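**Q** When you get a sec, could you build the whole thing from the sequences and use the hints?
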Amino acid sequence: MADDYLVRIGKLIRDARQHRGWTQTQLADALGTSQSAVNRIERGNQNISLEMIARIGEALDSEIVSLGYAGPMHLRVVGGRRLSGAIDVKTSKNACVALLCGSLLNKGRTVLRRVARIEEVFRLLEVLNSIGVRTRWINDGVDLEIVPPAQLDLDAIDADAARRTRSIIMFLGPLLHRVESFRLPYAGGCDLGTRTIEPHMIALRRFGLDITATEGLYHAQVERTTVPDRPIVLTERGDTVTENALLAAARHDGVTVIRNASSNYMVQDLCFFLEALGVRVDGVGTTTLTVHGVPTIDVDVDYSPSEDPVEAMSLLAAAVVTESELTIRRVPIEFLEIELAVLEEMGLDHDRSSEYTADNGRTRLVDLTVRPSKLEAPIDKIHPMPFPGLNIDNVPFFAAIAAVAQGQTLIHDWVYDNRAIYLTDLNRLGGRLQLLDPHRVLVEGPTRWRAAEMMCPPALRPAVVVLLAMMAAEGTSVLRNVYVINRGYEELAERLNSVGAQIEIFRDI
87 MADDYLVRIG KLIRDARQHR GWTQTQLADA LGTSQSAVNR IERGNQNISL
137 EMIARIGEAL DSEIVSLGYA GPMHLRVVGG RRLSGAIDVK TSKNACVALL
187 CGSLLNKGRT VLRRVARIEE VFRLLEVLNS IGVRTRWIND GVDLEIVPPA
237 QLDLDAIDAD AARRTRSIIM FLGPLLHRVE SFRLPYAGGC DLGTRTIEPH
287 MIALRRFGLD ITATEGLYHA QVERTTVPDR PIVLTERGDT VTENALLAAA
337 RHDGVTVIRN ASSNYMVQDL CFFLEALGVR VDGVGTTTLT VHGVPTIDVD
387 VDYSPSEDPV EAMSLLAAAV VTESELTIRR VPIEFLEIEL AVLEEMGLDH
437 DRSSEYTADN GRTRLVDLTV RPSKLEAPID KIHPMPFPGL NIDNVPFFAA
487 IAAVAQGQTL IHDWVYDNRA IYLTDLNRLG GRLQLLDPHR VLVEGPTRWR
537 AAEMMCPPAL RPAVVVLLAM MAAEGTSVLR NVYVINRGYE ELAERLNSVG
587 AQIEIFRDI
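Mapping of the sequence shown onto the working numbering: residues 87 to 595, in sequence order.
Calculated directly from the structure, the hints in this document are not laboratory data. Be a bit skeptical, because a hint or two may be false.
[Unchecked claim] Taking lysine to any residue and the SDA-like style, the derived pairs with C-alpha atoms no more than 20 Å apart in a straight line are:
1. 97 to 116
2. 460 to 168
3. 467 to 528
4. 193 to 436
5. 193 to 240
6. 193 to 219
7. 467 to 498
8. 97 to 539
9. 97 to 133
10. 97 to 141
11. 97 to 162
12. 467 to 444
13. 97 to 130
14. 467 to 530
15. 193 to 168
16. 193 to 366
17. 467 to 493
18. 460 to 437
19. 467 to 520
20. 193 to 221
21. 467 to 437
22. 460 to 498
23. 193 to 385
24. 193 to 364
25. 467 to 366
[Unchecked claim] Computed spacing ranges between beta-carbons, pair by pair:
26. 458 to 123: 47 to 55 Å
27. 119 to 225: 19 to 27 Å
28. 382 to 448: 24 to 32 Å
Remember, it's a predicted structure, so these values are computed and weren't measured experimentally. Yeah, the Cβ is synthetic: ideal placement off N, Cα and C, and Gly gets one too.
**A** Put into structure tokens, the structure is as follows:
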């Protein structure tokens with residue numbers, strides 16, 4: 087391998103490590119090598135195999151190389167362009183991954199319509215395929231067909247794919263009904279700080295699931311005689327915690343009451359899917375769910391997940407920061423009403439169409455037109471709350487929106503340990519964001535954006551926020567290693583280009 091390539095690979099590894107917040111010693115420990123070896127690799131002074139590059143990429147959850155391609159994907163953004171026209175919202179990432187996990191409940195054929203073709207889905211499909219589930223894209227690659235085997239081969243699970251997604255945690259609920267004992271790799275995904283899985287364990291113990299964690303694996307044992315004898319009260323009103331409890335309750339032969347449940351969009355879509363499987367769920371949209379489980383599910387089911395409110399918020403923010411008039415179609419309005427109420431108080435000029443129904447027959451949609459607006463900072467802080475409050479994943483987009491508003495905005499991202507820290511990357515693009523502590527950031531606007539070259543933050547929503555700021559900045563910016571964006575958005579660059587952005591995808595090596 088030419089020395090020039092070694093230097094370039096070393097720089098990519100160094101940048102990915104620094105964005106992960108690791109020292110060379112921490113990376114060396116993860117790889118089972120020495121700090122001096124990592125130092126030589128990063129300076130381009132050591133030959134390095136593809137296997138080692140892949141191991142480094144897994145350790146850092148960063149796509150250093152991609153087999154079959156010329157290297158990690160980057161974006162070159164020519165900013166300062168106004169958007170125009172109309173763009174459709176894709177189906178929900180979080181609903182799609184929940185439904186993929188939910189398909190393990192069904193012995194029959196499951197077809198999911200318009201599934202998001204994103205890296206998070208691809209990783210879950212790799213895991214499902216590795217344990218014997220047959221999946222294939224049908225109808226010109228738009229829909230997904232899932233057919234389970236008579237018996238899952240959990241010993242063959244693709245650990246590398248499993249560790250690259252937090253969604254693997256939602257295998258626990260359906261698997262406890264299929265096998266007496268199993269192992270799952272630790273969950274990965276976005277680097278958002280420490281997040282305990284104890285709320286999942288508290289809920290699933292009521293169904294007889296006992297978990298011990300050793301050597302990178304969850305070791306699960308199921309005691310069949312243990313069943314819920316009173317309502318399950320979730321200690322955290324989390325989305326995936328609620329989904330896991332629902333998946334466990336779906337095949338419990340009896341009635342399960344789940345209290346302090348999330349009523350967020352992906353939970354509702356999972357409830358609608360369970361109903362299509364023959365599981366009655368009362369209280370959808372509330373914090374108390376009553377699940378009338380059935381011991382066996384063997385049906386051919388066809389289901390259409392609804393649109394993604396977080397993607398809709400992303401597109402809305404793109405219009406705001408680029409001072410554009412843009413129509414965003416198929417917006418799931420009931421999951422953006424608080425965000426729009428806040429934006430209206432800030433001075434957003436917009437209108438919406440009459441409501442119509444999503445393909446799942448339940449979710450309310452509108453077409454939303456956003457126009458250039460003179461925004462003022464909100465009087466109150468921006469902070470997330472469980473639905474129907476402001477969505478946790480929409481908080482980062484308010485950093486970019488607040489940056490173009492007049493005045494100071496306090497953003498309090500209390501859920502994640504360090505996501506607010508990543509928002510300060512906007513300072514490299516001309517933003518004026520002051521980190522008050524790991525959860526709070528003060529944004530001063532308006533901002534005169536400027537172009538820059540930088541590594542993509544390792545968390546999905548802050549990464550997209552940086553991309554939106556680059557679209558607003560005059561000149562040419564480069565956002566390197568955008569694997570994390572591809573985890574949650576399908577062809578985002580191409581779709582933004584269709585409404586006037588100028589974003590080029592390129593690779594180094």
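**Q** Taking the hints in turn, state whether each one holds.
**A** Status of the hints after comparison with the structure:
1. Simply put, residue 97 and residue 116 have alpha-carbon atoms about 19 Å apart, close enough for the 20 Å limit, and the pair holds.
2. At roughly 16 Å between alpha-carbon atoms, residue 460 and residue 168 fall within 20 Å of each other, so this suggested pair holds.
3. In summary, the hint linking residue 467 to residue 528 is supported, as the alpha carbons are separated by about 9 Å, within the 20 Å threshold.
4. The hinted pair formed by residue 193 and residue 436 fails the criterion: a straight-line CA distance of about 46 Å is larger than 20 Å.
5. Distance check on the hinted pair: residue 193 and residue 240 sit about 16 Å apart at the alpha-carbon level, within 20 Å; holds.
6. Only pairs whose Cα atoms come within 20 Å are accepted, and residue 193 paired with residue 219 is accepted, the gap being roughly 11 Å.
7. A distance of roughly 7 Å separates the Cα atoms of residue 467 and residue 498; the hinted pair therefore holds under the 20 Å criterion.
8. Taking the CA atoms of residue 97 and residue 539, the gap is about 14 Å. The hint holds against a cut of 20 Å.
9. A C-alpha spacing of about 14 Å is found between residue 97 and residue 133, which places the hinted pair at or below 20 Å, so the restraint holds.
10. A hinted pair counts as satisfied when its Cα atoms are at most 20 Å apart, and residue 97 with residue 141 qualifies at roughly 16 Å.
11. A C-alpha spacing of about 18 Å is found between residue 97 and residue 162, which places the hinted pair at or below 20 Å, so the restraint holds.
12. Note on residue 467 and residue 444: the hinted pairing is violated, with a Cα-Cα distance of about 32 Å set against a maximum of 20 Å.
13. Proximity of residue 97 to residue 130 is assessed by CA-CA distance (about 8 Å); at most 20 Å being required, the pair is judged to hold.
14. Restraint check for residue 467 and residue 530: satisfied, since their Cα atoms lie roughly 13 Å apart, inside the 20 Å limit.
15. Taking the CA atoms of residue 193 and residue 168, the gap is near 50 Å; set against the 20 Å cutoff, the hint is violated.
16. Annotation: proposed proximity of residue 193 to residue 366 holds, straight-line Cα distance about 18 Å (limit 20 Å).
17. Taking the CA atoms of residue 467 and residue 493, the gap is about 12 Å. The hint holds against a cut of 20 Å.
18. For the proposed pair residue 460 and residue 437, the alpha carbon gap of about 16 Å is at most 20 Å, so the pair holds.
19. For a cut-off of 20 Å, the pair hint linking residue 467 to residue 520 stands: about 14 Å separates their Cα positions.
20. The suggested pairing of residue 193 with residue 221 holds, with an alpha-carbon distance near 14 Å, which does not exceed 20 Å.
21. Taken as a hint, the residue 467 and residue 437 pair is broken in the structure, with Cα atoms around 25 Å apart against an allowance of 20 Å.
22. Distance restraint check for residue 460 and residue 498: the Cα-Cα separation of roughly 23 Å exceeds the 20 Å cut-off, and the hinted pair is therefore not satisfied.
23. Of the supplied pair hints, the one linking residue 193 and residue 385 holds, its CA atoms being roughly 7 Å apart against a limit of 20 Å.
24. For the suggested pair residue 193 and residue 364, the alpha carbons sit about 13 Å apart, so the restraint of at most 20 Å is met.
25. With a CA separation close to 40 Å, the supplied pair residue 467 and residue 366 exceeds the 20 Å bound.
26. Between residue 458 and residue 123 the beta carbons are some 53 Å apart, a value that agrees with the proposed interval 47 to 55 Å.
27. Distance hint check: the CB atoms of residue 119 and residue 225 are about 47 Å apart, inconsistent with the given range 19 to 27 Å.
28. For the hinted restraint 24 to 32 Å between residue 382 and residue 448, the CB-CB distance of approximately 26 Å keeps it satisfied.
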